[in-house]
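Enquirer: The lines below spell out each chain.
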Amino acid sequence: MSTPLLQVDDLKKHFPIRGGLFGTVTGQVHAVDGISFSIAKGETLSLVGESGCGKSTVGRAVLQLFPITAGQVVLDGQRIDTLSASSMRPLRQRMQVVFQDPFSSLNPRMRVRDILAEPIRNFGIAKDAADLEARLARLMDTVRLPRDAINRWPHEFSGGQRQRIGIARALAAEPDLIVCDEAVSALDVSVKAQIVNLLQDLQKELGLAMLFISHDLAIVEHMTHRVAVMYLGKIVEVAGKRSLFSAPMHPYTEALLSAVPVPIPGQARTRKILTGDVPSPINPPKGCRFHTRCPYAFDRCRVDEPELRPTGEGHIAACHLHDLPRAQNPLLNAVAA
Amino acid sequence: MSAFTADRAGVSAATVHAAIPMPDVLPPVKPRRGFIGFLRRNPTIAIGGGLLLIMVFVAIFAPFLWTKDPTALAPAMRTREPAARWWFGTDMLGRDVYSRVLYGARVSLLVGVAVAALASAVGLAIGLVSGFFRQVDAVVMRIMDGMMSIPPILLAIALMALTRGSVQNVIIAISIAEVPRVSRLVRGVVLSLREQPYVEAAVASGTRTGRILIRHILPNTLAPLTVQATYICAAAMITESILSFIGAGTPPTVPSWGNIMAEGRALWQVKPYIVFFPALFLSVTVLAINLVGDGLRDILDPRMAKSL
Chain A
1 MSTPLLQVDD LKKHFPIRGG LFGTVTGQVH AVDGISFSIA KGETLSLVGE
51 SGCGKSTVGR AVLQLFPITA GQVVLDGQRI DTLSASSMRP LRQRMQVVFQ
101 DPFSSLNPRM RVRDILAEPI RNFGIAKDAA DLEARLARLM DTVRLPRDAI
151 NRWPHEFSGG QRQRIGIARA LAAEPDLIVC DEAVSALDVS VKAQIVNLLQ
201 DLQKELGLAM LFISHDLAIV EHMTHRVAVM YLGKIVEVAG KRSLFSAPMH
251 PYTEALLSAV PVPIPGQART RKILTGDVPS PINPPKGCRF HTRCPYAFDR
301 CRVDEPELRP TGEGHIAACH LHDLPRAQNP LLNAVAA
Chain B
1 MSAFTADRAG VSAATVHAAI PMPDVLPPVK PRRGFIGFLR RNPTIAIGGG
51 LLLIMVFVAI FAPFLWTKDP TALAPAMRTR EPAARWWFGT DMLGRDVYSR
101 VLYGARVSLL VGVAVAALAS AVGLAIGLVS GFFRQVDAVV MRIMDGMMSI
151 PPILLAIALM ALTRGSVQNV IIAISIAEVP RVSRLVRGVV LSLREQPYVE
201 AAVASGTRTG RILIRHILPN TLAPLTVQAT YICAAAMITE SILSFIGAGT
251 PPTVPSWGNI MAEGRALWQV KPYIVFFPAL FLSVTVLAIN LVGDGLRDIL
301 DPRMAKSL
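Order-wise, the sequence lines are chains A and B. First residue of the first sequence? That's 1 in the UniProt record's numbering, and the numbers climb one at a time after it. First residue of the second sequence? That's 1 in the UniProt record's numbering, and the numbers climb one at a time after it.
Since the hints were derived computationally from the structure, they do not count as laboratory data. Bear in mind that the values here come from a model prediction, so they are computed numbers and not experimental data. Heads up, a few of these hints could be off.
What the hints assert, rightly or not - Pairs of lysine to any residue, SDA-like flavour, derived with a Cα cap of 25 Å:
1. A:Lys12 x B:Glu200
2. A:Lys127 x B:Ile212
3. A:Lys127 x B:Lys68
4. A:Lys41 x A:Asp216
5. A:Lys127 x B:Arg215
6. A:Lys192 x B:Glu200
7. A:Lys12 x B:Glu195
8. A:Lys12 x B:Lys68
9. A:Lys204 x A:Lys286
10. B:Lys68 x B:Trp268
11. A:Lys192 x A:Thr142
12. A:Lys127 x B:Arg208
13. A:Lys41 x A:Phe123
14. A:Lys192 x B:Gln196
15. A:Lys286 x A:Pro261
16. A:Lys12 x B:Arg194
17. A:Lys12 x A:Phe103
Stated by the list, open to error - Stretches of chain A that chain B covers, calculated by requiring three or more beta carbons in the stretch to come under 8 Å of a beta carbon on chain B:
18. 57-65
19. 94-102
20. 115-128
Even for Gly, the Cβ is constructed at its ideal location relative to N, Cα and C.
Using the sequences and the accompanying hints, generate a full structural model.
Expert: Here's what the structure looks like:
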């Protein structure tokens, strides 16, 4: 791995809460609170976590859809979070997005042709009108939609077909990185499988890197190379797919994995059920953010915030348990058992 | 998805028919297509649109509908009851009320349509900009709030007091009074549209801000705006009549429904028809426009119901 395609360092995004007569800032939502990760060319990194943990905010921050509070975003060696809107515009070609909701992600007043042609025109990709036509036809083929559907309106398509149009729009710019923000979560199971397979095929054919934001661990396990687990605006664990799914090194990951349904009726499984709710991102807990719900929390967790540290080959986690003697670490013992 | 299920339903129905002969319990539904079908499905638009068409016809073809000169005085024939010679009677100066009412439709419709168009265009521009650019929003919306705190009729009267009475000035005055409402509506729609994923996708696709406004935001505001425009049209006609009625609107030399009613007011207890006929025409026209507006809103429902 040489320079990563995307490098995110200590990214923070706080949303101000305004209240009162003059709209004074009364607090901050710490949506994303200092996260770092990188994605190599052609690699899929999955960002998982429960609702409201800041996954989508990370995706939007990477795409520079809003200014970030702190940290930096580096695309292929170039820092992009400090660029002006006009100098950012040509770089947007390299990063595209597929959204969750196939209904609100397509403008209902634009034909498929215009939706797909927009990025091609914006970035001046097509040489002439004939080249544009050829590209549009290829895009429709790539996402397995009939070519003659190109002059239709979005409302004439089903959810899965619309998602294909959304993917085609992302591909139209010929990007290096696609941010899939819950791209398959809104689809029913059979359609979901088709779209997942399509994304995988495209990634292999085109060498795309992907930031795959999802809460669906079964899909993530199927799709990804590496996984980053987020909890309350922080990354708690990053690891290769195999390592993470077989030996989670953070109690939150362990609980998440135990919540994945097993497709065998009657099979016993040990579930780690977390109690309580996710704390408010307005006043995140001191110390480790997970200590309020962690089954293994001890005194140090309440005061000292753990850093991400290597726990194995390509595996990092932020948990004080790894400072304990091996025998007392419940995470390691669970693996052994 | 729908095509898929319909296809499956068709296949299974055909196989069932082949196996067991089904009794003809229900007659097959033949959906009516085309214009007639549209009117049958939307009776409010059919009725409102029909009445409105009659009014437009009357206004355009007023000279050919057995009218006389609406301003010709005939002092000898004043305050005549409705009769074969004067269908709606004559006023206190002997002018033919029928002719005046028909010519008056021109003023009312002109004012209604012109105000709807002008207020929509200006309100759309202001609403788009203030909905999309936060800095502009704070200033512009405070001004609009200030204007909205004055009732539109009072604002129109005040504006008319500054200028000479003419149809053109009436249109401008009422439009200014209606602009804040339109811009509020458009701003609200824009605020929700700018958060739509397709707008974010357009930003990510390198689309410039101006183009996003025109291609992605503007077309999606037109449906609620059209409905609002019909209501403004109706409201503007009423405001125009009120202005004329209190002598602050169309000059008395021009026959407008408000003027006719104002002139008939002194006599309305003994000669009620002078006020009755223009009032009837005004009510029917406003009703017709509101029916069309309601029908349009129903067609654009349920998706657009939220934005109204």
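Enquirer: Look at each hint and say if it fits the structure.
Expert: Hints, one by one, checked against the model:
For the hint pairing A:Lys12 with B:Glu200, the CA-to-CA distance comes to about 20 Å; that is within 25 Å, so the pair holds. A hinted pair counts as satisfied when its Cα atoms are at most 25 Å apart, and A:Lys127 with B:Ile212 qualifies at roughly 23 Å. With a C-alpha separation of about 68 Å, the suggested pairing of A:Lys127 with B:Lys68 is violated against the 25 Å cut-off. For the hint pairing A:Lys41 with A:Asp216, the CA-to-CA distance comes to about 24 Å; that is within 25 Å, so the pair holds.
For the hint pairing A:Lys127 with B:Arg215, the CA-to-CA distance comes to about 23 Å; that is within 25 Å, so the pair holds. For the suggested pair A:Lys192 and B:Glu200, the alpha carbons sit about 23 Å apart, so the restraint of at most 25 Å is met. Restraint check for A:Lys12 and B:Glu195: the C-alpha separation of about 21 Å stays at or below 25 Å, so the hint holds. Restraint check for A:Lys12 and B:Lys68: not satisfied, since their Cα atoms lie roughly 78 Å apart, outside the 25 Å limit.
A hinted pair counts as satisfied when its Cα atoms are at most 25 Å apart, and A:Lys204 with A:Lys286 does not qualify at roughly 43 Å. For a cut-off of 25 Å, the pair hint linking B:Lys68 to B:Trp268 stands: about 23 Å separates their Cα positions. Annotation: proposed proximity of A:Lys192 to A:Thr142 holds, straight-line Cα distance about 17 Å (limit 25 Å). The straight-line distance between the Cα atoms of A:Lys127 and B:Arg208 is roughly 20 Å, inside the 25 Å bound, and the hint therefore holds.
This hinted pair checks out: A:Lys41 and A:Phe123 have alpha carbons roughly 21 Å apart, not beyond 25 Å. With a C-alpha separation of about 22 Å, the suggested pair A:Lys192 and B:Gln196 falls inside the 25 Å cut-off, and the hint holds. Pair hint A:Lys286 plus A:Pro261 does not hold up; C-alpha atoms about 32 Å apart against a cutoff of 25 Å. Simply put, A:Lys12 and B:Arg194 have alpha-carbon atoms about 23 Å apart, close enough for the 25 Å limit, and the pair holds.
With a CA separation close to 30 Å, the supplied pair A:Lys12 and A:Phe103 exceeds the 25 Å bound. For the segment 57-65 of chain A, the stated coverage by chain B holds: 3 residues have a C-beta nearer than 8 Å to a C-beta of that chain, and at least 3 were required. For the segment 94-102 of chain A, the assignment as covered by chain B holds, since 6 residues bring a beta-carbon within under 8 Å of that chain's beta-carbons and 3 suffice. Residue count for the segment 115-128 of chain A with a Cβ under 8 Å from a Cβ of chain B: 4. That meets the three needed, and the coverage hint holds.
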